[in-house]
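Enquirer: Go ahead and model the full structure; you've got the sequences and the hints to work with.
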Amino acid sequence: MRSMLKTSAAALAFFATATGGAFADGLTGDLKIFLDTSNPAPRATMEKMIADFQAENPDLNIETTVIDREAYKTQIRNFLTANAPDVATWYAANRMRPYVEAGLFEDVSDLWDGTEIGENLASTKGALTIDGKQWGVPYTYYQWGVYYRKDIFDELGLSEPTTWEEEKANCQKIIDAGKKCYTIGTKFLWTAGGWFDYLNMRTNGFDFHMDLLQGKEKWDSEKVRATFANWRELIDMGAFIDNHQTYSWQEALPFIVKGDAAAYLMGNFAVAPLRDAGLTDDQLDFYQFVEITPGIEMAEDAPTDTFHIPANAQNKDNAREFLKYVVSPDVQTWINDGKNLGQLPVNAKSSVDQDKFLEQGFEMLSTNSPGGVAQFFDRDAPAEMAKVAMEGMQEFMVKPDNLDKILARLDRSAKRIYKD
Amino acid sequence: MAYTTDGHQTSWWHRNQQQLTPWLFLAPGILFFLFYVIFPIFQSFNLSLYEWDGLGEAEFVGLYNYEELYWDDAFYTSLKNNVIWLVLYLAAIPAGLFIALFLNQTVTGIRLYKSLFFFPFVISQVVVGLVFTWFYDPTFGILNVLLGSVGLPPVNVLGDENWVTIGIIVAGLWPQTAYCMILYLTGLNAVDPEQIEAGRLDGAKGWRMLWYIIIPQLRPATFIAFVVTIIGALRSFDLISIMTNGGPFGASRVLSFYMFEVALSEYGFRMGYGAAIAVVLFLIMLMFIAYFLWSMYKEEKAR
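Protein sequence lines, in the order shown, are assigned to chains A and B. Just so you know, this note's numbering puts 342 at position 342 of the first sequence, and the rest follows in order with no gaps. Just so you know, this note's numbering puts 121 at position 121 of the second sequence, and the rest follows in order with no gaps.
Careful: at least some of the hints might be erroneous.
With a Cα cut of at most 30 Å, we get these calculated DSS-like pairs of lysine-lysine [claimed, not checked]:
hint, chain 1, residue 1, chain 2, residue 2
1, B, K80, A, K415
2, A, K399, B, K80
3, A, K258, A, K150
Hint data in this document are derived by calculation from the structure and do not stem from the laboratory.
Expert: Next up, the structure:
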């Protein structure tokens, strides 16, 4: 009897270790994570997500560093070369190219190729691909589009436009009512890039837009001029708020909040400050940027934020596990919900939060952007070109007559920037 | 061998203590100066001959960066703005002098007034920039309200490429005037009362007194005010960064800001090109510094 008890205890113990081993197959060692999500809400989300990962891997020693978003953009160059973390946040497409080309990002194609993850993330694969390999994973993205004051539209008897003619007709009525159609702040230039993205993608299509941004098309061409001509129609109408060159995008918010301007072409991140400023979901609504050239497939801007493994990382296996965890359907669902990042999950198996704007954005990106998904002007074009071009766009919005000079200047810069 | 008076041999340290001690105290300063100031200057000279993005291999391109500067419109805008800064910033010197003269009296509470005038120099340039940005704001700012009240049309100072540099310089003059004022206030303390007395006996007063008796005695203060103002104008950076970020469409750039933009900002990372701009700025500064040193040397010799 006694011996039997002993054996069963031993068996039990054996069983416990065996299953325990299988279950608590947690990671060990270190994992150093650098984040640029320094704003309070995303920061809390990221820290919670890492805490959950820690709970699943109690033996793993995780060290998280959050760096101010703007400072991160310069510091990343230093820490990727010396003192690399195991995981770092960054942005997709051309914004990661310098680091890919300098051999500072790890090739993580193994996570994508023929795996479940690869299938579920298919929609963003292009943005993470350079030279046929993948260099990171996305963790969130968000739609761009026109956010507008529904109450003003109702008051003036307008409805969401779908064509360029309707857009302009609406705008004229808004101007006649003594308001501006669009608010925009171009002090930091990139907001003008958003307008150009849409006008050019709608006038000339996604492929032309990409070719232009990659230096395969000339700026001083009929097609680009057509885009600027469309833009000029709005400028000449007085569609944009005055003095936009002195405002940042946040400083341009009061115009739509106070009802001096009816709409804002922006990314979904504008919704939170607009709600904070007191606009309810009854007052605020969203529509897809209208068609300009009939027959051209709609393409959208949807910037993707990403995680990468630096080539100089110490714990690449742990880092890979972390990336798999970040993109898993459940994690994607909750980190992107309205209470957290308030953006769109990248995993096709995740669900989108019950938020009016997220649902509309998801719907638009999944069913009505057959043309393709662009990142954003300054992420698709090389940084230097983006800077020169966006400066030219700002100038154009203030002094549309300078267009010839601006386009000539852009082509001259392009010649130098794309030479290699 | 050296011996003390009572014939004992002394250590080497003991004998040279007087000469060595100052050098020992200076050593950390000199080392830091060499390492963080002198060495980087030569490094910048060297770097300006390369094309380098800060990550990969630097590629030697000779004088190509300078050739490109020659064709770069933005460079000329910056250079032109630097000249405007140099000229207009000098207004801080007379302004500071007159405020100092005004405040150099014995009235109850004069210390409070002096502190209030000195206040802008103590607050951060970032705050000065923000305050003036709000002041200039075309929609909500007080400037256009004031202009409107006298029947003038509104201006968007920071959004107009013709006004923007002047607008920023005016903001910069606010603290700089305070700086010059404090220099002159100290200078005025040292004015010889006997000379004023003598001047008064000879019938000098008002402007003549100021011009022939006071100002000549303020020469040292004027010299320092001139030096700090010139250097201040050439290194203007923070106000531009805060108020306009170089815009609208690059119209308010100066060399130091343009250097930062191409080398270190979000869309930059052309280290070699940035270094070439830095070298040009250094050469301009060198002209002034050489002049200052030369006039200081002359002054010393004249004594």
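Enquirer: So, for every hint listed, does it hold in this structure?
Expert: Hints and how they fare:
1. K80/B / K415/A: Within the cut-off at roughly 26 Å; holds.
2. K399/A / K80/B: holds (21 Å)
3. K258/A / K150/A: holds (13 Å)
Consistency note: the structure conflicts with none of the earlier hints.
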